[in-house]
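Residues per chain are reported as follows:
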Amino acid sequence: MEEYGGGDLLSEAMGSAARVVVVEDCVEAPGAFVLHLLLKRALASCGAAAFLALAQPFSHYDRVLRKMGCNLSLHRRNERLHFFELLGFRGGAREGTIADSFVRLYNEIQRLVEANRAGENASQFTVVIDDASLLEVVALGSVNDVLNFLHYCFALTSEMNCTLVVLIHEDIYADEEKMGLLLHLRYIADLVIKAAPLSTGLAADVHGQLSVVNKGTFREQKAKAQKVWNFHFKVKENGTDFFYPGTRH
Amino acid sequence: MAAAGGRTLGRSSFSRATSNRVTSSSGAAGVKIGPNGAAFVSSGIPDLDRILGGGFLLGSVVMIMEDADTPHHLLLLRCFMSQGVVHKQPLLFSGAMKEPRLFLGTLPAPVSSSKEDGRHRAMGAAASSDGRANDEGLRIAWQYKKYFGDDSRAEHKDNKQEFSNDFDLRKPLERHLLNGQNIECVSIQDADSLSGLQDCCSAFLSKLPRKDAGSLTAGRIAIQSLCAPQCRYFEKDWDMVSFIRSLKAMVRSSISVAVITFPSTVLSNSFCKRWQHLADTLLSIKAIPDEDKDLAKLLTGYQDMVGFLHVHKVAQTNSQVPVILEASTLSLKLRKRRSLVLERLNQAPVDGSSGPSSAASSSCSSQGSQLDF
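Line by line, the protein sequences give chains A and B. Residue numbers for the first sequence follow the UniProt record's numbering, so the first one is 1 and each next one is one higher. Residue numbers for the second sequence follow the UniProt record's numbering, so the first one is 1 and each next one is one higher.
Next up, chain A with everything else stripped away, as it sits in the complex (with noise of 0.2 Å):
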């Protein structure tokens, strides 16, 4: 995330150059909202992105984003987007096995990553997986396979200087034995955004709360940076509102 958004509340907390963007969310809370902003931002500032949908098809994410102001099939057509249609996506179905197809995806997003870095004006390229719980069923559980996918993009992001963005359930690893993939992704993530409902219930004007850890902070030597941010957040169509409990009447 290169820029500074519109000075609101989330961009502040976010810095400015975290690597691997963690968001959590659980069935009470939806965290897409802010896959849908990080997209936005990505492709804002003449970057590129590749989008692995599992969970909704392309026309539900371009009329949402189009709604905040971001064109996606323009940015489809115009190369900067790179949409990879996964909902039917199942590995080791007919060629292979569920590791090899893991495998021709993230060749394919390599491929891409290069192409982008090859080309003239380099710019930031940012991947985003919407979501890794979905990854985990198209591998049929076996976490081995989604964790090596996972860390083949984690090393896309210090190597060809991108970005990785990944949505995941928390709740569902609420066990403690099956945790897995939750800690690998907490544990590479340079930033960590967990959307959760309120504790007193559901509200009109509220949406959940939002607290976002910064763990990346130290690098840019700011002795003064905040490492974490707790606020609420208020989903809208064209964006979403970030402000401090009790700031909004």
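No wet-lab data here; the hints were simulated from the structure. Don't take each hint at face value.
What the hints assert, rightly or not - Partial list, computed: chain A residues near chain B (C-beta under 8 Å):
#1 R111
#2 L112
#3 S133
#4 I172
#5 D175
#6 L202
Claimed, not checked - Ranges between beta-carbon positions, derived for each pair:
#7 R50(B) with N238(A): 23 to 31 Å
#8 D69(B) with V103(A): 42 to 50 Å
#9 N36(B) with K178(A): 34 to 42 Å
#10 N182(B) with R111(A): 45 to 53 Å
#11 G180(B) with E79(A): 32 to 40 Å
#12 P209(B) with R111(A): 34 to 42 Å
In this text, all values refer to a predicted model and were calculated from it rather than measured experimentally. Note that the Cβ used here is the ideal one computed from N, Cα and C, for glycine as well.
Starting from the known structure of chain A, arrange chain B on it as the hints suggest.
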């Protein structure tokens, strides 16, 4: 025969103007076009349609978490299926039972006129053979409307007369409606894997007209107790999740709705959450004990209640804004032991306290038998 005749006649006399408009805009009975390019089919329970903002969204997967002890989820499933049969929509039913076709015999029949049905149903039944007389009876009902004062309710009913029916849970649906239709039944009890069901679903969906074909014939898929322990594939957690995911992908690209009920308690916590994440609309049903004195004191209308319906998630198409309902826990009532209604919980004043009269979203209040204010 009587109900079918009453229904068509009802259409001609009740809502001439609106039904014309609706059919011209949607192209098929039983499909309603909403905002954001959304299209809905009715759940078979008018109240639930209203709560969900129009009905079940086409292209979505609705999941209902069953209560562990009672079969109340079947009420919802039956209404959903009956509504499809009444609208002549193709239906695929699959259940963890030996003979799923027998389940069709338990589907409820629509009530011809829902609100003031007491007298008019009698009238309609008496005159069912004579279409003209039936028409007369319905006209009286229509004329009554302006005296009712409840404008929104009347208008709501007028518009949706075609879209959703009330169902009489004690009266079975006529045989001829079930026979002459596109209804498929699949048993999943003896299946070793879900691939058979998946093939059935994809064959069923591929027979529906394509999205761009102009006509809107919505398909309905109803799956009862997908993860029931008596099924042989029960241990294959990942296969089941994978099945739901591919079903979701198939449903998304077609004009159909899938309703899946599942006993959530037999799944492990993490898989239960996975299932919930895969749902577009997520409901859960909780039964209430028969003779709970404390609860009866706490909630008004306790005698008619059969359980609570909790709305966890509402499907949203092409929008990122979550739907915040006024109340997410509703009481499921049987009105006159016949038709299902959903109401917000009304908390009776508690003795010795100035307690609030309405519990907005209080799932806890239902459990809290000893309340200390």
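Q. Which earlier hints can't be squared with this structure?
A. Hints 1, 2, 11 not satisfied by this model.
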